[in-house]
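*Asks:* Mind docking chains F and R on chain E? Use the hints.
Protein chains in written order, with this note's numbering: chain E, 1 to 242; chain F, 1 to 221; chain R, 1 to 64.
Honestly, the hints are just simulated from the structure, not real lab data. We treat Cβ as the ideally placed atom computed from N, Cα and C, and that holds for glycine. Watch out, some of these pointers could steer you wrong.
Claimed, not checked - To be clear about the criterion: a stretch of chain E counts as covered by chain R if any three or more of its residues have a C-beta under 8 Å from a C-beta of chain R, and this derived list gives those stretches: (1) 53 to 67; (2) 93 to 100; (3) 150 to 162; (4) 226 to 239.
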Amino acid sequence: MLTRLANPTRFLRLADRLLPWLGAATVLAFIAGLVWGLGFAPADYQQGDTVRIMFVHVPAAWLAMFGYSFMAVASFVGLVWKHPLADVAAKAAAPLGAGFCLVALVTGSLWGQPMWGTWWVWDARLTSMLVLFFLYVGYIALWSAIDEPERASKAAAILALVGAVNVPIVKFSVDWWSTLHQPSSVMRLDGPTIDPSILWPLLVNAIAFQLYFVTVLLWRMKAELIGRRVRALTLGLAAREA
Amino acid sequence: MSAFLALLRRDLRLAFAQGGSVGLVIGFFVIAATLFPLASGPERAELARVAPAVIWIGALLATLLSLDRLFQADLEDGGLDLLLLGGAPASVVVLAKCLAHWLSTGLPLVLVSPLLGLLLGLEPVGILMLVKTLLLGTPTLSLIGAVGAGLTVGVRRAGILIAVLILPLYVPVLIFGAGAVDLATLGLDTGPSLALLGAVLLVSLPVGTLGAAAALRLAVL
Amino acid sequence: MDTVATFLAMGGYAGFVWPSFALTFVVVIGLAIASRRALRKAERQLALLEQSRPARRARPGKAA
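This is chain E alone, in the form it adopts within the complex (with noise of 0.2 Å):
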């Protein structure tokens, strides 16, 4: 599958063929997503309607993880094996995980307030996002200050790689610090259980989050299969008329 998909020609012409069906699935689940989520499901008994903001909140979390640990997939293949789609994967998920990164920290820290009185908290999960958050934007600049299109692909799968081995490291680092610093009274955002009635609406705004990153994460690989095509041609007209 993935070798066959090594042809760009092949991977576009599919790309073609799955994104009018994902578009449109991704729409229909957000919005019965955000009819379940907003309309029927009910509010929580604690903390009243702004449990809502979880089925935004939990899913652009997971996603940014899951972006992540894309990129970091990705990288490992295009260093590996040399996939010549790798890199542009890898390069198509980065803005993706970096903006659900962030609209997990604001509507965190929207969930906060109300529920803590305060904007922020140095509670783990807020933290690990945050740093998370900044290891996307290390990811994006490094590729953006590489010129050479070859390097700066190799250059930040390395940096992929590196950080990938250390997340990890940074979340152990960040809960035992919480411990550490942290007294007792702040309230856990998940409940050891969470009520069917609101576990299916969001799982349902949790594909169709996952649609929507696969269905961005094509066009923008397109966009730069296609860019790099026109960069190949705008050289070589060039160097004809040279």
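*Replies:* Same frame as chain E, now just chains F and R:
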């Protein structure tokens, strides 16, 4: 092995020579830490409480400042190509450069840190723990920093880019390092923190050398 | 009408719930539009180049 030692000796000679970076790095470290009481006020109890954080962050930034020259100077005079084509594996070159960087940056920071601990009113147990944690933690800073330095060698505004790439990866070292000093001043068990600092060092040894070696090969070849 | 008002009030948490959804909406739509635009631009450039290629190939012939 001989290539390793030769490179190590050359880098150390350059760092400690007239106009080398060692004095500057220590100067920055001391000045940055002294600025802190001027900004926060001289209450001793409060200073002692934040001293581990101040000194650790000072050490982090001092290391960072010296990182952008780690490979850049060699790239500019063409030495980097020679080093990488010289037959020794790139990871050995990186390891030698990291060791030299640590001996000329991390170790002086460790040696100066008790003075800063005294200035900021840290208790003797805290100062002892500060030295221990810096001793275990600063090699990690050099190793992870080498990846950032390798990735950005020859790139515009490399210094600031290294900071953005590397500082998030320094989070665990900072947490375990400054945390252990905190624990020590409170009279609590610091064993796990030190073990974790050691573990982070062990992980960053292969990750740092291999990552930086791969990055350098990209930059040169 | 009353139900719409209570829906919008979000149990008194309207100031937190709606900004959350608004921000998510802005980021999601913004990223999608930016990506679409980049794609369209690349496609237009490619079409332009492929149009101009035969013309350029013809030019040396005319000169000869």
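*Asks:* Compare the structure with each hint and give your call.
*Replies:* Checked hints:
Under a criterion of three residues with beta carbons nearer than 8 Å to beta carbons of chain R, the stated coverage of the segment 53 to 67 of chain E is upheld, 4 such residues being counted. Evaluation of the coverage hint for the segment 93 to 100 of chain E: fulfilled, as 4 residues show C-beta separations to chain R shorter than 8 Å, against a requirement of three. For the segment 150 to 162 of chain E, the assignment as covered by chain R is violated, since 0 residues bring a beta-carbon within under 8 Å of that chain's beta-carbons and 3 are needed. Look at the segment 226 to 239 of chain E against chain R: 7 of its residues bring a Cβ nearer than 8 Å to a Cβ of that chain, three or more, so the hint holds.
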